[in-house]
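Q: As a plain string of letters, each chain reads:
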Amino acid sequence: MWSLRKASLAILLAALAASAAVAQTVTTGDEMFLRMREVGGKLRCQCEGPGGCSYTVADCNMLRCSFREKVNPEIRKALTAGVAPEAVVEQMIAKFGSELRTEPLPQGFGLFGWAMPFAVLALGLVVVPFVVRRWKRQERLAGPVRHPLNERVVADYEAAIERDLAENE
Amino acid sequence: MENLGYLAVLFSFCLCIYGVVAALVGKLRGKPFLEVSAERAVLAVWVLVTAASGLLLYAILANDFRYSYVAGRSNIDLPLIYKLAAWWGGQEGSLLFWSWIAATYSLLAAYTGRKYHRDMVAYIVAIMLTVQGFFLGLIAFIANPFQVLMSGPNIVSVADGNGLNPLLQHPMMAIHPPMLYLGYVGFAVPFAFAIASLITRQPGDRWIHTTRYWTMVTWLFQSIGVLLGARWAYVVLGWGGYWAWDPVENASLLPWITGTAFLHSVMMQEKKGMMKVWNIVLVSATFFLCIFGTFLTRSGLVSSVHAFAQSPIGTYFVWFLTIGIGLTIYLILNRLDYLKSENELDSVVSRESSFLFNNVILLASCFAVLWGTLFPVISEAVSGEKITVGAPFFNKVNVPIGLVLLFLTGVGPLFAWRRTSVESLKRNFLWPAVASLALGAVLVALGMRHFYATVCFVLCLFVTITIFFEFYRGSRVIQSKQRMALPLAMIELTHRNTRRYGGYLVHMGVVLMCIGFAGAAFNQVQQAELGVGDSLQLGKYEFRVIDLKEDNNANNATSIAVVDVYKNGELLTTMRPERRFYYASQTGTGQVAIRARLSEDVYLNYAGMSTDGSKPILEAYINPLVTWIWLGALTLVFGTLVALVPSKIKRVHPKTRIIATARKPHVVLTKS
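As they're listed, the protein sequences go chains Z and E.
Mapping the first sequence onto this note's numbering, position 151 (from 1) lands on 151, and the numbers just tick up by one.
Mapping the second sequence onto this note's numbering, position 81 (from 1) lands on 81, and the numbers just tick up by one.
Chain E with its partners taken away, still in its complex shape:
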């Protein structure tokens, strides 16, 4: 079976090479049968990679510990859901998982291309198979998940495996990596469409509609992946936070930021025919940042708790990135004439300008994260001293940038396309500005002195009111015209332009998350060694240990502290933080207890045992407003889903058209 799995990988790698050659030769030499053959190679690669993945999964589920990968990532008593998660729990398996997702995406991209972009499909197939082939090559020659344990010439097996990393044994870990991978790999599709459009000098904007749709889908997956990662860190790692600016966390954020920038600037191309070069750069940057993030996770270039073991595959990623970026830059420079803008800017105070500023801020934020992540490596190379960078640096740099971005989130949609009049500015800005400044005054009067948090709350209200007015004004018009209730009018309004109002909902999600982020400025924490009957006071809360329990099963031994929580002297709830010790991997992890409310979370972590082993060490946190982050995340996901629903009214954005011809050939162009 081990040979079958490896052969499937090897054949699919060869098929990728064949597919790339067939697609390009077929297109360039005008041989359609070769193009069709390349499209069928995509299907064959999917079948083979699916077979290889199925064989690896079977080996994991059947506890086949002859495989080095299975022995290192699973064990007999591992629950079923985590056995499935073991597929992507290690370097080799996760590369195969990545390849399987890429193969599925390639299939969908080839289908979409054949149906809607017949003249581009050969290049789309060639690009997708090149990316796919790179990863399959790594699996086939560098990181083989079907490697068996050998003793001399014989295949041997171990009695039980080492088990999955305890930190990964959480239900969220069964969803978080697949979502992230769906995002990472998915960005290859818009990249393939963009490059194919450059090669074929696509007239019209149809391909950009397809690309935008793909980007939104993959952006949604990436968002869910990033947010689930934050949630996982909060409920599993036990340090009371959700984002540590770890290099691997940063790696997932980078393409998300450039993808966000693209989703905004692509509107300029669709509606005004502008920023074409910029959009191609953003799509390409997003894709290469995905590859870069994968390289970062797997090369050992920067240290991270999330990183896979250091391996030689980093060099191959560097080559792939260098060649890929080089070719993309060459292609863009070569096609600059095709990428010229069709319209120009009418006014600095316009929606177009706000998009430009939005992109600059997003890109600055992306650069700040990338710079901080790579700074230890850069400083070591330049000055010889490895200057490490942690959360304080990222917070100091990114918080002000984030606040400017939040401001633009409120301001941008209020500007009209082309030109915004003073009257319109007054009408749109007056109430939001007055209300948010009033809130600022109230907060300061109440004693709030944290500058960034205060500014954040003020801006959150500003953006909330602008979004509310956008919905309210539109709904009122529909309400009066169609005589329907306001909530129904609001749904009708959203349905008429799902993209616009879905976008506003996404903005609202960001606002809710920002409220949650600002709450971190007021976090409280306390720690103590507590025996049964001992208590810990933190603010108005008292934590009293009433029992210590043990609960062992075949997979792990669990210590549980039963803690009564009192607020202002009254019993509020009983919480049960745990500490688990996993037999197979001989490592432990905590299971925090959280009482989540809109105002604040009470967060209890079983941090360890006292030096004499008699008392548990408990850490109590009061984390204000954290729940708003998860509510914001749900709103963001909902908003994106709304934006993906086709609008009831199809909108056309004519940009340039010929309205007349003169006797002496001369074309009059109009802009709309």
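Okay, chain Z solo, but in the shape it has when bound:
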């Protein structure tokens, strides 16, 4: 039994390690293209009108995407001029509007946007132990639980017992 367990564990370990190792050995490609993708990945494509197509400039695959064709040469130009990718992102947002952002800035209402999901999660994780403890305390104080449905059953029994007693008397 133990040998089978160990063998299974070894196989699982090897399979996961091998797949991860394969993933690690791939080398990177052309640097300019990758830097353009890095910038494009932080800009929301606007090719479907206001609000964009919901893809990033890097991922949008619309045939002859008008926005990508407009913004890509500018990104390339800025990167060639030595501007850092983060600064290029800000340049494009300044030029084409804040709709290009793919995530809120961590300030003002944007910070609220970032905080809310984690706040809800934290609240949930705090509330669960509290609820569990409260349930346990209630149980200790109240003893066995009386279900409302059983009140009816109890009433039926009471009536039946009263009837029996009356008949016996």
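Calculated directly from the structure, the hints in this document are not laboratory data.
Computed from a predicted structure; not experimentally measured.
It is possible that some hints are incorrect.
[As the list claims (entries may be wrong)] Over the 12 Å line for every Cβ pair with chain E, so calculated as not near, a few chain Z residues:
no.: 1; residue: Glu74
no.: 2; residue: Lys77
no.: 3; residue: Ala78
no.: 4; residue: Leu79
no.: 5; residue: Thr80
no.: 6; residue: Ala81
no.: 7; residue: Gly82
no.: 8; residue: Ala84
no.: 9; residue: Ala87
no.: 10; residue: Glu90
no.: 11; residue: Gln91
no.: 12; residue: Lys95
[Stated by the list, open to error] Here are a few chain Z residues that face chain E, going by a calculated C-beta distance under 7 Å:
no.: 13; residue: Phe33
no.: 14; residue: Ser54
no.: 15; residue: Asp59
no.: 16; residue: Thr102
no.: 17; residue: Glu103
no.: 18; residue: Pro104
no.: 19; residue: Gly110
no.: 20; residue: Met116
no.: 21; residue: Pro117
no.: 22; residue: Val120
no.: 23; residue: Leu121
no.: 24; residue: Gly124
no.: 25; residue: Val128
no.: 26; residue: Val132
Note that CB positions come from ideal geometry on N, CA and C, so glycine has one too.
Add chain E to chain Z, keeping to what the hints say.
A: Just chain E now, kept in the frame of chain Z:
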């Protein structure tokens, strides 16, 4: 014929109203013939909606371009399978398709209700027909698929239609929307059962068994729909990914998450009589999120590549949601006494607690997706500035939440009901924890530095071992008792409790998918303009264009790049990515070429033509472990199907029973 179709819709809408009134009056006034009449109205609505759908399909297949809908969604040379898909390819047709599925579900729900829940059936019918009536009302008065093209007082026809959106012309698109709709609409049935049980104050848990079964079926459809959508995005959209956190994609995920939470927490109600309010809330939330998702897709509230054209129907959805949610909240508050728990928690370290945590994490994930989807609208309303939210936000928020959930997937089943002893914790956790931590050390030693991916692999192994042990230990017992081979003992074990072991298989599917998701951390991409003889190097792969071909047919013109792929200098395969241009819609789309293997996918996309039109632009991607996602999806579907098979051994979960009565009336209750 156009009048017949419209009349069928109009009559079915009127019948829905009649059915709702008849069911409620019949029940409240004690007139059974009205209840029966309402049940028959459900059948009549199905017949009429089926007739209307048949007429629309006939118009599409017969190229009847007098219809505005047919002219806008189909064309003469459209292949048959996509002509069928044109039924749900546009706003009006998809509403009719939705109504047809809802009518079919209503019929099944009424039948199930009549057979097993006689005292609830009138309310089930009334609720299903209300939902059905809402959609039929939209078709009848707002989005009529039988609208004809007019020139002055005359009906006119066009020579050929605009055709179906090229992105929808893929075999997967013939399956993906129906599956998704089966999921979306199907969640109305558990909702109807839940609300009917509240109204009638159902004693016992029979209705919850029925609801759970329905939820599992619709959850399965929803899962298949969501996963087919991801697969479609991967093989059609050509950006190398499968999930873009688009608002419409998110809309399909939201009810799936709450449905998943319900499928877990419902066990608490079945086995312990607990979390009744929570379960009603989850069933209701799932249903309203389905309606909300439909509203999101069709109202133009948020922009999306998947959304239908902006239309005025959004307002009606808001009203429907407001009234529906309001009534549901009122009913729940009004029935709080009936929804009281029958048992209490014994220990924090118990299966019950793990379900609570599981629900909190799932709901937090649901909230995060909903919040991100609506944040542009909320920020515009509050601050006046429309702050857009894209994939980076969703990934940063949901990846850590997802990892916690993955951890709970492994931990939850190891806890015992009521209370878990330290010994049991040690016995169950030691080996999985040691093995997975060892894997983490190996991965770091191998040079893996991506934090989330490493944690994900570690947790995947942890969960895999826990699931494996669950099967192994149970099978060994059966093997020794019944003297059968281990694989047969494993099948026997699963058959004895299909729900439990089917659930484990679903968990295994999730693990496999998580391995695939983690692989995305190591994706590689390269792009180049390549003429015949040119090549592109990406890692150990070389892509050499050996030919450029044209293949035209009546529906589209196709450009094909024939590319030899070399790995470490040796010819591996020949791939043929395509670019198609559709004449009718005057738009184009790509057909990517994929060489899928367990270790990695080689993914080649014909992205377009160079500015001078002489060379194709090719994008090459190396996507590690993506195949594991599709394997995981198949495992998840298989596991759900196993869980739907009735168990060999029927299990009863007694919760509260009267064991004796005293002279002075006093009832002693026991818990088991």
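Q: May I ask you to check that Ala87 of chain Z keeps its beta-carbon over 12 Å from the closest beta-carbon of chain E?
A: holds (18 Å)
Q: Would you check whether Gly110 of chain Z satisfies its interface hint, that is, whether its CB is within less than 7 Å of any CB in chain E?
A: holds (6 Å)
Q: Is the interface hint for Val120 of chain Z satisfied, with its Cβ closer than 7 Å to some Cβ of chain E?
A: At about 5 Å, which falls below the 7 Å cut-off, the nearest Cβ of chain E leaves the hint on Val120 of chain Z intact, so it holds.
Q: Examine each Cβ of chain E, and state whether all of them lie more than 12 Å from the Cβ of Gln91 of chain Z.
A: holds (18 Å)
Q: Take the shortest C-beta to C-beta distance between Thr102 of chain Z and chain E; is it under 7 Å?
A: At 3 Å from the nearest chain E Cβ, Thr102 of chain Z passes the 7 Å test, so the hint holds.
Q: Double-check Gly124 of chain Z for me: the hint is only fine if its C-beta lies closer than 7 Å to a C-beta in chain E.
A: holds (4 Å)
Q: Can we trust that Ala78 of chain Z is non-interface, i.e. its beta-carbon lies farther than 12 Å from all of chain E?
A: holds (19 Å)
Q: Hey, does Lys95 of chain Z actually stay past 12 Å from chain E on C-beta?
A: Its Cβ never comes within 12 Å of chain E, the nearest being 16 Å, so this holds.
Q: Looking at Ala81 of chain Z again, its CB stays over 12 Å from all of chain E?
A: holds (21 Å)
Q: Does Val128 of chain Z pass the interface check with chain E, least Cβ-Cβ distance below 7 Å?
A: Holds - the Cβ of Val128 of chain Z comes within 7 Å of chain E, reaching about 5 Å at its closest.
Q: Are Met116 of chain Z and chain E close enough, Cβ to Cβ, to be under 7 Å, as the hint says?
A: With a minimum Cβ separation of about 6 Å from chain E (threshold 7 Å), the hint on Met116 of chain Z holds.
Q: Minimum C-beta separation from Gly82 of chain Z to chain E exceeding 12 Å: can you confirm that?
A: Its Cβ never comes within 12 Å of chain E, the nearest being 22 Å, so this holds.
Hint check: no violations occur; every hint is consistent with the structure.
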